[in-house]
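Protein sequence lines correspond, in order, to chains S and E. Under our numbering, think of the first position of the first sequence as 3, with each following residue one higher. Under our numbering, think of the first position of the second sequence as 3, with each following residue one higher.
Errors might be hidden in some of the hints.
All copies of an identical chain are treated as equivalent in the list; a pair is satisfied when it fits inside any one copy or across any two copies.
Derived pair list, reagent style BS3-like, types lysine-lysine, alpha-carbon separation capped at 27 Å [to be verified]: (1) 63 to 290; (2) 63 to 263; (3) 40 to 63; (4) 40 to 448; (5) 182 to 63; (6) 40 to 263; (7) 263 to 290; (8) 448 to 63; (9) 40 to 290; (10) 182 to 40; (11) 63 to 107; (12) 40 to 107; (13) 448 to 182; (14) 182 to 263.
Bear in mind the hints are in silico, worked out from the structure with no lab data behind them.
There are 2 protein chains.
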Amino acid sequence: MNGAQSLVATLVDQGVDICFANPGTSEMHFLAALENPKMRSVLCLFEGVATGAADGWYRMKDTPASTLLHLGPGLANGLANIHNARRASSGMVNIIGEHSAAHLKYDPPLMSDIEGLARPLSHWVRRAESSSTIAWDAATAVAKASGHPGQIATLILPGDTSWQQAGTSAIPPRAAATRKAPDAARIEHVARVLRSGERTLIILGNKATRGVALERAGKVAAATGARLGSQFFSARIERGAGRVPIERIPYAVPLAQAFLKDFRHIVTVETSEPVAFFAYPDRPSLLKAEGTLVHPLVEADEDSALAFEMLLDMLGASATRPTLQPRVETPVPSGALNPLSIAHALAAALPENAIVVDESLTTGRETMGHTMGAAPHDLINNMGGSIGYATPVATGVALACPDRRVFCMVGDGSAMYTIQSLWTQAREGLNITTVIFANNSYAILKAEYANMGAGAPGERALSMIDIDRPRIDWLAMAQSMGVPAVAVETAEDFYRALADSAREPGPRLIEVRLY
Amino acid sequence: MNGAQSLVATLVDQGVDICFANPGTSEMHFLAALENPKMRSVLCLFEGVATGAADGWYRMKDTPASTLLHLGPGLANGLANIHNARRASSGMVNIIGEHSAAHLKYDPPLMSDIEGLARPLSHWVRRAESSSTIAWDAATAVAKASGHPGQIATLILPGDTSWQQAGTSAIPPRAAATRKAPDAARIEHVARVLRSGERTLIILGNKATRGVALERAGKVAAATGARLGSQFFSARIERGAGRVPIERIPYAVPLAQAFLKDFRHIVTVETSEPVAFFAYPDRPSLLKAEGTLVHPLVEADEDSALAFEMLLDMLGASATRPTLQPRVETPVPSGALNPLSIAHALAAALPENAIVVDESLTTGRETMGHTMGAAPHDLINNMGGSIGYATPVATGVALACPDRRVFCMVGDGSAMYTIQSLWTQAREGLNITTVIFANNSYAILKAEYANMGAGAPGERALSMIDIDRPRIDWLAMAQSMGVPAVAVETAEDFYRALADSAREPGPRLIEVRLY
């Protein structure tokens, strides 16, 4: 067994059994090691697809995937979606191929400071020094990535570490992945706040927006009158009919301020108090009203399910029944496509247990509330704000959940960053419906131009915002990578295309023509 | 005038009059400042296109372009082609938008360590602290980027620096861009080596492969019997009929060793002694034979034209006539497409003064010698080895040289990394013929798999190398972004498509079907 084989064997032994790969010459022994039948390899034609897919995998599985990237530039191409994954608290194990140690002193063309490139966005970085210790390194990387919250672990794999013989390899004892218990005094304090009857918003983040934590949060809300909210962007929310509903703090600063202004208290759960996404010349960074008090209930590394259990005990409310979202049957819309009819079409078409990956920006983000009463589903957002996240994340999500339909809602400008995802979706036959909102513009920037106090964009500025020359032919784009596609120009056609796509296996693309 | 306007005004005053932009919310004031009619803005749909285009611009102009990128992740997406530009000694001024200073302490979603991401691949990094000093910062960045060799200068632009008033701004005095004179003793030493009559290879790098430096190198060769060589990859070579010919050191280690083995001396000019591109288990890193002596003639920051003038003086050979490449009329090939017939078609079709950007890897790189006797042209290579460089670089090259036809020779796998370039090429009506070598495979990796001693790839490894499921439909891909395209399956059709493309303005794509 050589170092590469030892690495792959350790990854699968530790539960990391998928690798999103974009290999190069220095990773040939790793490719050979991928013959290990326990490891699934998924080829991506661009590294940002690989890292985004690993993020999507984690969001659904709560366990890390691995990526295989080619030296410093390969890592660099994956960094934007590593940033997004990091902000989503997704765990990920990146294997970065590197020249053999003896070759580095000659400064060959592909050499760069891989550690330097990895550190700003990784929680843990290590250069594997020997084929006999790579198993230890790999197990450590998996342990780091698997913690709560998930972490970005980056392991640099020199060629000689890969190709030399490994011998017998020790690995560190596997620590149970635990979440810290929250501080009882802090919970007691929040219980007092909630008993005060003063208006309180409980903001749920990371893993508190789903499962038993969300159910218990719903009981707290029902027992105390507190409201449940989320940041505008969340890693994954279980929502729709029968779920505990969560209110979404708006994106735009004035709307967020209006939403928050009446709360005397904000209680945070695995998140922090709301902050504006961008800085604007005449607007605040913090969104709460003056005088609103912020109370952390659960820190990022703590267990929110346990915290809510303790809180319910203190409140004597364990038996309270949470208010659940009723099913709202949305009639199939017709006529013009606009944000509202688009949201209605989605609400009507969403099949049971679907997963929505949302990067629809101007088109979808203000109207997502209309899908609250749809069939139960998961909603995934971009936590890091680096656009080009949706199509890769949907790719990983679909691989993690092959029995569920994935709807990837993405603006045309955003989709172009990582459009190579479509090829992997076709190759793997993934059940993804990619919805392209084609307004031929970075439309969000038109609003932001005014928000920034830059006035109305002039001709040259506008030419940097509109992407209508040439207009992207989305049907041809989908065809080029083997994804069947259709364009729609009415709400009823959009609904039909969504519903049709959910009935057939494999990827589909719908171009929603907004021009 | 606000900070952004001061920045743009300074850039154009200092001679940087093009900006390859992919803007976001934090760069709205910069967009507004782009209304400055002296600055040309070129929109790119992915940041790697912007940085690669800036590289291409520099290769033809020898002066830097600017890029506009959106925070840390936007920079990250541009890093792979910054790596390639750095290895090509191309100067570049990157402007990276950033949150305003007051917003950073809240750790907003898009925040990252921009300096940390920039430093590994930039020669100079600065965070602009104030709108009144940004002009100074910008002028410093341009001066750094404009040195010899060119450098990567990265200027981080916080929102408040952008939107606050600039007042009167000082800028540093403009230093004349000079190249250092080489050391006379070193030149004398090389003159002695050349007079010895022992077999000598003079390896030309960076700016020594063109213009007066190349002419003078040709005189030295003619006078002394030394041979002229280049590394396998060069930033730009002026070649073809009437130019001083340069022999190319082969890529594959055994071939490079065979080429170099008979030389007693290697003289280096703006480059170093030849090194293997990758490390292999049983092959050396250094390619020269044992006993070969290496003599640096011109260091990277020195003036090779001056060095050769001094050398010719010492040799008393200033009046020698260099041997020039004769015109070789290549007959139009016919029949099957293979590396040889492809090279012949290119040689026959190249119009006078064309520019070839080569990333053809397995298909083109071993046969480029067959175009040595074609009409005079420039040849540009990937110096950093991060693939996905050719289509962006061709974009910048075509903008720099609107009157010349650009041929971008690229493998299908490579083209997919930064395929968004096609859109900018269509938008700007650039005279680029993109030639896609469609072998549906990362074919180079099949050879490298064996070179690495990993044996024959098994089924799973092969599935990470072949990209034929699905086969990319290149005609649809080109159509999706507004580029007219044709597919060819014979050498005569390939020749005709090349020749036709050169007669019409605007971009074209030719899919060369190798399957």
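Numbers of unmet hints, in rising order
1, 2, 6, 8, 9, 10, 11, 12, 13 and 14
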